[in-house]
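Please model the entire structure based on the sequences and the hints provided.
Note that UniProt numbering numbers the sequence shown so that position 194 is 194, with each residue one more than the last.
Keep in mind that the hints were calculated from the coordinates and are not lab data.
Honestly, I wouldn't trust all of these hints.
Stated by the list, open to error - No farther apart than 25 Å at their CA atoms in a straight line, the calculated lysine to any residue pairs in the SDA-like style are these: (1) K97 / T159; (2) K109 / K238; (3) K222 / T183; (4) K84 / K97; (5) K222 / E161; (6) K222 / D54; (7) K177 / E161; (8) K197 / K177; (9) K225 / S74; (10) K198 / S214; (11) K171 / E157; (12) K225 / G96; (13) K112 / N86; (14) K55 / I249; (15) K97 / R61; (16) K238 / P137; (17) K109 / F240; (18) K55 / D70.
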Amino acid sequence: MRRREGFYWQSGGMNTIDSPYRWCFLGSGYFAREVLEELYYANFVPDLVVTTPDKPAGRGRKATPNPVKDFILSTGIDLLEVEKINDAKTYNTLKGKRFDFFVVCDFGKILKEPFLTVARFPTLNIHPSLLPLYRGPAPIERALMDGVEVTGVTIIEMTMEVDAGPVVWAKEVPVSKDDTKGTLLEKLARVVPEMLKKVFEGYLMNTISRRPQSGIPTYAPKISKDELFIVWNQSAVKIFNHVRALSPIPG
1 MRRREGFYWQ SGGMNTIDSP YRWCFLGSGY FAREVLEELY YANFVPDLVV
51 TTPDKPAGRG RKATPNPVKD FILSTGIDLL EVEKINDAKT YNTLKGKRFD
101 FFVVCDFGKI LKEPFLTVAR FPTLNIHPSL LPLYRGPAPI ERALMDGVEV
151 TGVTIIEMTM EVDAGPVVWA KEVPVSKDDT KGTLLEKLAR VVPEMLKKVF
201 EGYLMNTISR RPQSGIPTYA PKISKDELFI VWNQSAVKIF NHVRALSPIP
251 G
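Following this line, the structure appears as structure tokens:
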């Protein structure tokens, strides 16, 4: 691993030189990891993955990689860890790589305006809900808490308003009574490779269609510490949905 000022670079040497385009994936959370696994096994690999540095965790406060880095280290995909995504050094580094596509998924940081046009085509965001429903950081958990029977994945062009950009592709995914956060993460991630391939093709062939988000937005705020405890005076259905929304990984 090579250390540069402000970030760390791991070169895996797996980039495919025969690809008709170059693309970068930004992510750090569990949904991003599941998506990357699906992309990897579909042989649809980004040229670079950008993620956040290790953070102290556990009782010993040991530096621990996030879910994305934990997976990427075993794949050979190039990895860039950045502490400050919006600083000039990071922007210039990524801009200099001349990516065609810049894809954000469960990254945990808000990108500022320059990053909306850092690549050849508009910066994209993969969101695990049918936008404008469940905008925000916890769409999977909130959908399960609400007991929905259908959710999905939406790919949007990013704007300065979080999760509010025009939709370029959306796909419904059924939710079963047996689904937990863990199983629904996998089901939602499974549809992403085919969606993303079609979106890339649409931009390259100039056939992409955009539509504004329609309907009343709902929001999916981050799971609070208080919500990690069961409120036993709720109905059995609410308790059941709450438990599966936080299983196997709370928050």
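Structure-based check of each hint:
1. Simply put, K97 and T159 have alpha-carbon atoms about 22 Å apart, close enough for the 25 Å limit, and the pair holds.
2. Pair hint K109 plus K238 does not hold up; C-alpha atoms about 31 Å apart against a cutoff of 25 Å.
3. Simply put, K222 and T183 have alpha-carbon atoms about 19 Å apart, close enough for the 25 Å limit, and the pair holds.
4. At most 25 Å may separate the alpha-carbon atoms for a hinted pair to count; K84 and K97 meet this at roughly 18 Å.
5. Pair hint K222 plus E161 holds up; C-alpha atoms about 17 Å apart against a cutoff of 25 Å.
6. Proposed proximity of K222 and D54 is supported: the alpha carbons are some 21 Å apart, at most 25 Å.
7. Among the hinted pairs, K177 with E161 is inconsistent with the structure: their alpha-carbon atoms are about 33 Å apart, more than 25 Å.
8. The hinted pair formed by K197 and K177 fails the criterion: a straight-line CA distance of about 30 Å is larger than 25 Å.
9. Distance hint between K225 and S74 is unfulfilled; the C-alpha atoms sit about 32 Å from each other, more than 25 Å.
10. Between the alpha carbons of K198 and S214 the distance comes to roughly 22 Å, so the proposed pair stays at or under 25 Å and holds.
11. Between K171 and E157, the direct Cα distance comes to roughly 16 Å. Compliance with the 25 Å bound is thereby established for this hinted pair.
12. Under the criterion of a C-alpha separation no larger than 25 Å, the hint pairing K225 with G96 is inconsistent with the structure, at around 41 Å.
13. Note on K112 and N86: the hinted pairing holds, with a Cα-Cα distance of about 6 Å set against a maximum of 25 Å.
14. Our distance criterion of 25 Å between C-alpha atoms is met by K55 and I249, whose separation comes to about 18 Å.
15. For the given pair, K97 sits about 35 Å from R61 by alpha-carbon distance, which is inconsistent with the 25 Å threshold.
16. Between the alpha carbons of K238 and P137 the distance comes to roughly 21 Å, so the proposed pair stays at or under 25 Å and holds.
17. For the suggested pair K109 and F240, the alpha carbons sit about 31 Å apart, so the restraint of at most 25 Å is broken.
18. At most 25 Å may separate the alpha-carbon atoms for a hinted pair to count; K55 and D70 meet this at roughly 12 Å.
Figure legend: structure checked against the earlier numbered hints; hints not met, in rising order: 2, 7, 8, 9, 12, 15, 17.
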